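Chains as they are written, first to last, in the numbering used here: chain A, 1 to 359; chain B, 1 to 356.
If you're looking for bench data, these hints aren't it; they were derived computationally from the structure.
Computed from a predicted model, the values in this text were never measured in an experiment.
Hints may be right or wrong, so weigh each one.
Derived Cβ-Cβ restraints for the label pairs, each shown as a range [unchecked claim]:
{"no.": "1", "chain 1": "B", "residue 1": "T215", "chain 2": "A", "residue 2": "T294", "range": "35 to 45 Å"}
{"no.": "2", "chain 1": "A", "residue 1": "S234", "chain 2": "B", "residue 2": "D155", "range": "24 to 34 Å"}
{"no.": "3", "chain 1": "A", "residue 1": "K235", "chain 2": "B", "residue 2": "R309", "range": "32 to 42 Å"}
{"no.": "4", "chain 1": "A", "residue 1": "T11", "chain 2": "B", "residue 2": "R336", "range": "49 to 59 Å"}
{"no.": "5", "chain 1": "A", "residue 1": "K235", "chain 2": "B", "residue 2": "S21", "range": "53 to 63 Å"}
{"no.": "6", "chain 1": "A", "residue 1": "P149", "chain 2": "B", "residue 2": "A267", "range": "39 to 49 Å"}
{"no.": "7", "chain 1": "B", "residue 1": "S322", "chain 2": "A", "residue 2": "K235", "range": "57 to 67 Å"}
{"no.": "8", "chain 1": "B", "residue 1": "L298", "chain 2": "A", "residue 2": "D175", "range": "30 to 40 Å"}
{"no.": "9", "chain 1": "A", "residue 1": "N10", "chain 2": "B", "residue 2": "L275", "range": "27 to 37 Å"}
{"no.": "10", "chain 1": "A", "residue 1": "A7", "chain 2": "B", "residue 2": "R336", "range": "50 to 60 Å"}
{"no.": "11", "chain 1": "B", "residue 1": "D19", "chain 2": "A", "residue 2": "E237", "range": "51 to 61 Å"}
{"no.": "12", "chain 1": "A", "residue 1": "A7", "chain 2": "B", "residue 2": "A216", "range": "31 to 41 Å"}
From the three backbone atoms N, C-alpha and C, an ideal C-beta is built for every residue, glycine too.
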Amino acid sequence: MTAELVAQSNTLHKAVQNFIGESAAGRSPQSMNALALAILAFQRAHCPAIAQRLGDWRPPAGEHAWRSIPGMVTDAFAHRRIAVHPPALDARVFRTSGTTSAMAGRGEHPLRLTETYEVAAVVWARKQVFDALRPAKIVALLPSPEEAPHSSLSFMVGVLGKHLGIPVSYFAPGDSLDTEGVTQALRAPEPLCVFGTSFALAAWMESIEQAVGVHPGSFCIYTGGFKGRSRELSKEEQRKQLGAALSLPSTRILSEYGMTELSSQLYECTHSGDAAEGFAAPPWLGVVAVDPLTLEPVRDGVEGIAKFVDLANIDSVVAVQTYDRIVIDQGRVHLRGRLPNAEARGCSLAVEHLLRPPT
Amino acid sequence: MTEHARVARVLAAAGRVADRSDILGEEARALLPVFASLSPEGVELALGTHMERDAPPENIAALVHSVGRSPACHVVISANVCTAAVRAIALAVATSPRVFVRPSRRDPVVADLLVRALQEDSAFAAAGGEIALTEELDPHAGDEVHVYGADSTIDAFREALGPDIRLRSHGTGVGIAVVGPGGDPAVIANDLAADVVPFDQAGCLSPRLVLVFGTAEEAKALFVECQKAMVAWGERVPRGRVSADLEAAIVRYVSLASSLGACERLAHATVGLDLNPESLPLAPVGRTLHLARMPADLERARDLLMLWRPFVTCVGLAGETSGLDEWLSMFEPVRRCALGQMQRPPFDGPVDRRVR
Numbered sequence: 001m002t003a004e005l006v007a008q009s010n011t012l013h014k015a016v017q018n019f020i021g022e023s024a025a026g027r028s029p030q031s032m033n034a035l036a037l038a039i040l041a042f043q044r045a046h047c048p049a050i051a052q053r054l055g056d057w058r059p060p061a062g063e064h065a066w067r068s069i070p071g072m073v074t075d076a077f078a079h080r081r082i083a084v085h086p087p088a089l090d091a092r093v094f095r096t097s098g099t100t101s102a103m104a105g106r107g108e109h110p111l112r113l114t115e116t117y118e119v120a121a122v123v124w125a126r127k128q129v130f131d132a133l134r135p136a137k138i139v140a141l142l143p144s145p146e147e148a149p150h151s152s153l154s155f156m157v158g159v160l161g162k163h164l165g166i167p168v169s170y171f172a173p174g175d176s177l178d179t180e181g182v183t184q185a186l187r188a189p190e191p192l193c194v195f196g197t198s199f200a201l202a203a204w205m206e207s208i209e210q211a212v213g214v215h216p217g218s219f220c221i222y223t224g225g226f227k228g229r230s231r232e233l234s235k236e237e238q239r240k241q242l243g244a245a246l247s248l249p250s251t252r253i254l255s256e257y258g259m260t261e262l263s264s265q266l267y268e269c270t271h272s273g274d275a276a277e278g279f280a281a282p283p284w285l286g287v288v289a290v291d292p293l294t295l296e297p298v299r300d301g302v303e304g305i306a307k308f309v310d311l312a313n314i315d316s317v318v319a320v321q322t323y324d325r326i327v328i329d330q331g332r333v334h335l336r337g338r339l340p341n342a343e344a345r346g347c348s349l350a351v352e353h354l355l356r357p358p359t
Numbered sequence: 001m002t003e004h005a006r007v008a009r010v011l012a013a014a015g016r017v018a019d020r021s022d023i024l025g026e027e028a029r030a031l032l033p034v035f036a037s038l039s040p041e042g043v044e045l046a047l048g049t050h051m052e053r054d055a056p057p058e059n060i061a062a063l064v065h066s067v068g069r070s071p072a073c074h075v076v077i078s079a080n081v082c083t084a085a086v087r088a089i090a091l092a093v094a095t096s097p098r099v100f101v102r103p104s105r106r107d108p109v110v111a112d113l114l115v116r117a118l119q120e121d122s123a124f125a126a127a128g129g130e131i132a133l134t135e136e137l138d139p140h141a142g143d144e145v146h147v148y149g150a151d152s153t154i155d156a157f158r159e160a161l162g163p164d165i166r167l168r169s170h171g172t173g174v175g176i177a178v179v180g181p182g183g184d185p186a187v188i189a190n191d192l193a194a195d196v197v198p199f200d201q202a203g204c205l206s207p208r209l210v211l212v213f214g215t216a217e218e219a220k221a222l223f224v225e226c227q228k229a230m231v232a233w234g235e236r237v238p239r240g241r242v243s244a245d246l247e248a249a250i251v252r253y254v255s256l257a258s259s260l261g262a263c264e265r266l267a268h269a270t271v272g273l274d275l276n277p278e279s280l281p282l283a284p285v286g287r288t289l290h291l292a293r294m295p296a297d298l299e300r301a302r303d304l305l306m307l308w309r310p311f312v313t314c315v316g317l318a319g320e321t322s323g324l325d326e327w328l329s330m331f332e333p334v335r336r337c338a339l340g341q342m343q344r345p346p347f348d349g350p351v352d353r354r355v356r
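With the hints as constraints, model all of the structure from the sequences given.
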């Protein structure tokens with residue numbers, strides 16, 4: 001990668017960090033559209049997979065051109081390196097848990113710099129959660145970033161702990177969950193943030209015989225749906241179960257929505273008394289619901305699949321097409337599940353056979 | 001021998017279903033476009049070209065030899081390939097004179113018609129054959145159960161059946177095409193289309209991946225010819241109904257393949273090309289072909305296939321592949337044949353030869 005490319009990338013990182021800072025300060029930052037298109041042009045020039053995906057596409061006129069950027073499907077992260085820089089310049093490589101359609105191994109998201117990721121994660125988490133709720137500790141049902149250097153979730157929690165000055169304890173070394181350690185940690189006489197995937201939290205709940213009475217100033221952030229059980233629980237049921245297990249009201253059960261392929265996260269926060277449910281995205285993360293058959297944006301209130309335009313994805317790809325079913329309503333993102341891969345009948349091979357179990 | 005005779009009567013029954021002037025043939029043609037989601041032309045292709053209705057004696061002998069013997073045989077048929085019931089029932093009647101058939105709920109047509117034909121067939125009865133449809137299996141100790149379908153279906157049966165009942169299963173699988181250098185790309189593409197179009201690519205023999213061992217120019221030429229061949233075949237045998245889920249999966253594949261190389265969406269098919277694969281995606285069914293130009297380094301080529309290997313049930317070959325014998329050995333003992341013949345396996349035993 002030439003010095004010029006690094007310089008271009010650094011300029012874009014600064015611009016995005018400035019955008020995030022202006023947003024955090026309540027000032028109107030520069031145009032998201034202009035920045036998104038500038039990042040896209042940079043990526044198009046230096047990442048063959050992105051250039052191929054875009055083909056002849058050119059941005060239409062107008063401030064909302066970013067909405068029509070063709071998204072890179074999440075599957076692609078498992079088949080190609082989606083990055084403008086060579087591997088030698090990777091500061092971090094995040095890997096998916098394997099729930100992709102690839103006959104490949106896992107999807108990878110390489111980062112050349114982590115600062116913008118960190119700034120984005122901290123600013124939004126602070127605004128959505130931690131300014132109002134101040135835990136003394138984070139109890140993370142995750143491996144540490146050192147134990148799982150490719151886990152974006154572990155990295156994010158570590159970043160939050162570091163920048164918010166909150167000690168983090170991790171309770172999932174290797175592939176196992178230390179349920180007893182979690183239960184012990186939850187008995188601390190101080191407000192806690194309990195953070196985990198739904199899968200890990202469900203495993204912990206199965207290990208306890210009775211509810212744990214955490215400090216009333218505590219709260220829980222879970223991510224992901226409760227999959228892998230006999231059925232998928234509704235959001236209300238998830239909150240109720242977690243609340244019961246932790247002796248917390250459901251207003252203290254929050255949810256985070258992120259993925260390996262993105263640098264930014266969304267939060268659904270019920271503690272604020274804000275009547276609007278649904279995930280709130282930061283100003284630097286555009287969310288578009290698109291029709292799964294045409295990939296064209298649908299109206300608010302209509303279900304589509306989620307396309308994200310993440311300004312913090314500077315050295316990878318700014319527009320990511322997922323297969324998460326969403327509805328956008330009053331600026332909030334409501335998750336409805338995942339679009340299933342078409343199951344071939346009977347004995348023909350279908351993608352589901354290739355999916356690895358979640359880790 | 002009576003097993004041979006019973007198998008021969010299954011083929012005769014299939015002949016009735018294939019015959020459009022037979023009442024069973026009329027019923028099949030009326031019902032299959034609904035149940036199997038194939039176009040009428042797709043149904044005709046399935047019944048007229050790919051449904052087995054005769055076989056040389058040595059093949060029948062091999063089929064009979066490939067199965068065990070039991071007092072009764074219970075067979076669970078899947079919905080993917082509308083004519084698969086012929087071989088499944090033939091294997092069952094070779095196993096036992098008493099056969100119970102549980103057709104797929106999604107597509108019971110050919111199974112129903114075959115059973116009806118055999119029940120009316122005095123020659124089948126004379127060979128000791130008894131056959132009946134059933135909704136619920138009721139095997140007894142010593143019986144055999146043959147299950148065709150997804151691995152998850154088979155696992156469920158394996159758990160439910162006791163140790164005294166022998167389970168033979170034929171599960172999840174896919175075909176692959178291997179194209180060596182040389183050969184006329186137009187001919188190869190036509191042969192490939194002949195294997196892809198039947199059953200709209202839904203069967204476990206249907207090729208979903210085309211591995212091109214050759215130059216980039218050869219791969220590109222084949223990509224172009226595949227499009228032409230799929231268009232021509234699509235005009236003669238249109239694709240059947242595409243569900244919303246399948247359409248979304250095809251759109252998803254197009255997005256992916258466009259990022260990896262090139263992709264063309266046609267009226268009745270989709271063809272993608274990756275000249276420098278780092279891994280191999282699984283294209284959806286519905287006449288979707290993913291062409292990948294394989295690395296010259298056969299170790300690397302082998303690595304690319306490692307995740308696929310357990311699922312490959314058939315390898316179709318074209319071009320000069322003699323230099324690939326050792327590489328191809330990783331798929332043994334699955335069937336190998338010339339491209340264009342993948343959907344016509346000899347009637348000499350189960351189509352799926354993988355060791356389970």
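Cross-check of the supplied hints:
1. B:T215 to A:T294: 35 to 45 Å: holds, 37 Å
2. A:S234 to B:D155: 24 to 34 Å: At 28 Å between Cβs, range holds.
3. A:K235 to B:R309: 32 to 42 Å: About 40 Å separates the Cβ atoms of K235 of chain A and R309 of chain B, which means 32 to 42 Å holds.
4. A:T11 to B:R336: 49 to 59 Å: holds, 56 Å
5. A:K235 to B:S21: 53 to 63 Å: holds, 59 Å
6. A:P149 to B:A267: 39 to 49 Å: For A267 of chain B against P149 of chain A, whose Cβ atoms are near 48 Å apart, the range 39 to 49 Å holds.
7. B:S322 to A:K235: 57 to 67 Å: holds, 59 Å
8. B:L298 to A:D175: 30 to 40 Å: holds, 34 Å
9. A:N10 to B:L275: 27 to 37 Å: holds, 33 Å
10. A:A7 to B:R336: 50 to 60 Å: holds, 55 Å
11. B:D19 to A:E237: 51 to 61 Å: The hint (51 to 61 Å, Cβ to Cβ) holds, given that D19 of chain B and E237 of chain A are roughly 56 Å apart.
12. A:A7 to B:A216: 31 to 41 Å: Cβ of A7 of chain A to Cβ of A216 of chain B: about 34 Å, so the range 31 to 41 Å holds.
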